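**Student:** Kindly generate the complete structure, drawing on both the sequences and the hints.
Chain residues, written in single-letter form:
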Amino acid sequence: MTTLQTTPVPVSAAPAAGRRRRRPGTGLWEASPLTYLALIIGIVLSIFPIVWSFIIASKDSSAVYEMPPVPGSQLLDNVSRMLANEDAAFLYGLANSFVVSAVVTISVLFTSTLAGFAFAKLRFRGREGLLLGIVLTMMVPTQLGIIPLYLMMVQLQWAGTLQAVIVPFMVQGFGVFMMRQYAASAISDELIEAARIDGCSTWRVYWNIVLPALRPAIGILGLLTFMQTWNEFLWPFVVLTPNTPTVQYSLKILSAGVYSQDYAVLFAGTALATLPLLLVFVLFGRQIIGGIMEGAVKS
Amino acid sequence: MTSLVDPAAPAPPAPRRAPGPARRYRLAGLDMRYSPYLYIAPFFALFAIFGFFPIVYTVYVSLFDYDLLAGTKEFAGLANYQAVLADAQFWNATYNTVGMFLVSTVPQLLMALMLANLLNRTMRARTAIRMGILIPNITSVAAVGIIFGMIFADRYGLASWLLEAVGVDPPAWRDSRYASWFAVAFMVDWRWTGYNALIYLGAMQAIPKDLYESASLDGASRWRQFWQITVPLIRPTILFTIIISTIGGLQLFTEPLMYGYGQPRGGVNNEFQTLAMYIYEQTFTGSFRYGYGAAMSWLLFLMIIVFALVNFLMVRRSVKGDAK
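Heads up: the sequence lines are chains A and B, in that order.
Counted the way this note's numbering counts, the first sequence spans residues 1 to 299.
Counted the way this note's numbering counts, the second sequence spans residues 1001 to 1324.
Because the hints were derived from the structure by calculation, they are not lab data.
Since the structure is predicted, the reported quantities are computational estimates derived from the model, not experimental observations.
Idealized CB from N, CA, C, for every residue including glycine.
Careful, some of the hints might be misleading.
To be verified - Which chain B residues face chain A? A few, computed with CB under 10 angstroms, are given here:
1. L1027
2. A1028
3. F1053
4. I1055
5. V1061
6. G1145
7. I1146
8. M1150
9. Y1195
10. I1243
11. A1308
As the list claims (entries may be wrong) - With beta-carbon atoms standing in for the labels, derived distance ranges:
12. A:D77 - B:I1305: 45 to 53 angstroms
13. A:L34 - B:W1091: 41 to 49 angstroms
14. A:L278 - B:N1311: 30 to 38 angstroms
Unchecked claim - Chain A regions said to be covered by chain B (calculated; three or more residues, Cβ under 8 angstroms):
15. 29 to 35
16. 276 to 288
**Tutor:** And the structure:
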């Protein structure tokens, strides 16, 4: 395998390189077979529960408890029986989750890039103090305010409607902070100065220069926000009713009836609820991983 | 692409003729001066209403006794707090919350460190391996709860089957406090170990490699290098994950709820009922005791702050000690 690796691994001056063929990195930094083995065990443990749930979803209801688990052929039948469950309204929950996640994501991206740009590149009084305020908001657990928030929603007559799970999440301190960090390093002041001299208003600078430059960060924040919103459980569970479920709520309804009903159908539900996330992950996994790793370097 | 008009622009509509230089200058001045506030306004406005206000309002709610049937509330002073502190189920939930938090977080972060150390090498199929490690974090929480609820099912569950296969008597997964803690911790760790490992990996890759080279020239083993170079140098990141895990772990709700088949009771005798579940049970089911729930929310918040601080101080000290 003489293919060159694309990653820029610094070639070190190991003294004992001798006559051995040089490879990217040194022996010190190469994964040994034992490392691979440990990682493979880790991956198997990671993937197994998901695979297992898909296996259960494919079995005949009476064969769910058979050990060891082998796939059956009833997947489509289980899925259609699950979708036929009117209490859970699974398809409706799925559609609601798409709407909620999409609206929240777009809003978070818009407000975060706007504020992030202002904090990174515009001068105004109180900038440092307000930015510190945003960092502090990231530390406060949302659960703390959940009871008053619920009372507010009742007052607004939003309880049981989708805006109750959308509007409170339309801004996110983390997003503002992330965009601020990215804008500060990715956009040069000279570029903005030049645009201003050409007569660009602040809005045009934002729209024509800042937004395109922030695109990688927008992608990552968008993915993370979408998945997080999709997974939100406690708040939808509190404020929504079974008449307007999100997909997580539908799953909860399905599982509550588990004594009267069978696991094959329930697991068809978990499979279907996980599938959109897995799809996003397969398509954008590299970016998501990059985002998680970057975030850490900056924090 | 020559059209420069943007319909959403907050700037006033362009006059028909080109504005005179003075007017133009004035507009630009206004723009420079006030635009920044306009741009941060959406965040602060929405956060003030839906983030900040509810938290402050929690204090107010916690001072009242709500009667849902009569539709009234009565000022109760600190009575809710007194009642909470005298409530055995509150302390039971606190014990469970802290116990599950420790049982899950400590091994989780240690495993994540080890995993990151394994990942921090050149290897084939790098992205695929990282994706495999991260995949549990991508699944739906409620689905994970259901799946692990069945893996740890009381009869015929996979975990029991495995234990029996090696000749061990499986515990009562829901009736035994510590078995249920273990199962919930297992599911939390399954979901978050890979995620934390990637955070650590990101930090580890920023460490200059020559540090390790000189250390290995000095004859330091891999293990020693890990504890004496890697861990001290990623200390800020470790702190960050500990704080995040504390905030998340003490609010644990969905996993134990789904583990208990969606019941906030958390086991017949509340063996695995967390504080968040108890708050939910008191506030949103049955008696709708908003004031009581709000008082508990504040106590939980205090607990999170105290734990985060203690962790912060402990980690800072211990890692400093190692670094010497």
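**Student:** Does the closest beta carbon of chain A sit nearer than 10 angstroms to the beta carbon of A1308 of chain B?
**Tutor:** Hint holds; A1308 of chain B Cβ to chain A Cβ min 8 angstroms, cut 10 angstroms.
**Student:** When you take the CB atoms of L34 of chain A and W1091 of chain B, is the distance between them in 41 to 49 angstroms?
**Tutor:** holds (46 angstroms)
**Student:** Against chain A, run the beta carbon of I1055 of chain B and see if the smallest gap drops under 10 angstroms.
**Tutor:** holds (5 angstroms)
**Student:** Verify this for me: three or more residues of the stretch 29 to 35 of chain A with a beta carbon less than 8 angstroms from a beta carbon of chain B.
**Tutor:** Held - the stretch 29 to 35 of chain A has 4 residues with a Cβ nearer than 8 angstroms to chain B, which meets the minimum of three.
**Student:** Hint I1146 of chain B vs chain A: min CB-CB distance below 10 angstroms?
**Tutor:** It holds, given that the least Cβ distance between I1146 of chain B and chain A is near 5 angstroms, below 10 angstroms.
**Student:** Would you settle whether the hint for I1243 of chain B is holds or violated, based on the nearest Cβ-Cβ distance to chain A being less than 10 angstroms?
**Tutor:** holds (8 angstroms)
**Student:** Per the coverage rule (Cβ-Cβ under 8 angstroms, at least three residues), is the stretch 276 to 288 of chain A covered by chain B?
**Tutor:** Result for this restraint: holds, n = 7.
**Student:** Does the Cβ distance between D77 of chain A and I1305 of chain B fall inside 45 to 53 angstroms?
**Tutor:** At roughly 51 angstroms between Cβ atoms, I1305 of chain B and D77 of chain A fall inside 45 to 53 angstroms, so the hint holds.
**Student:** Taking the closest Cβ pair, is Y1195 of chain B under 10 angstroms from chain A?
**Tutor:** The hint holds - Y1195 of chain B has a Cβ within 10 angstroms of chain A, the shortest such distance being about 7 angstroms.
**Student:** Under 10 angstroms, Cβ to Cβ, is where V1061 of chain B needs to be relative to chain A, so tell me if that hint holds or is violated.
**Tutor:** Holds - the Cβ of V1061 of chain B comes within 10 angstroms of chain A, reaching about 6 angstroms at its closest.
**Student:** Is the hint on G1145 of chain B kept, meaning its closest Cβ partner in chain A is under 10 angstroms away?
**Tutor:** holds (8 angstroms)
**Student:** Given a hint of 30 to 38 angstroms, does the C-beta separation of L278 of chain A and N1311 of chain B actually sit inside it?
**Tutor:** Holds: the Cβ-Cβ distance is about 33 angstroms, inside 30 to 38 angstroms.
Taken one by one, the earlier hints all hold for this structure without exception.
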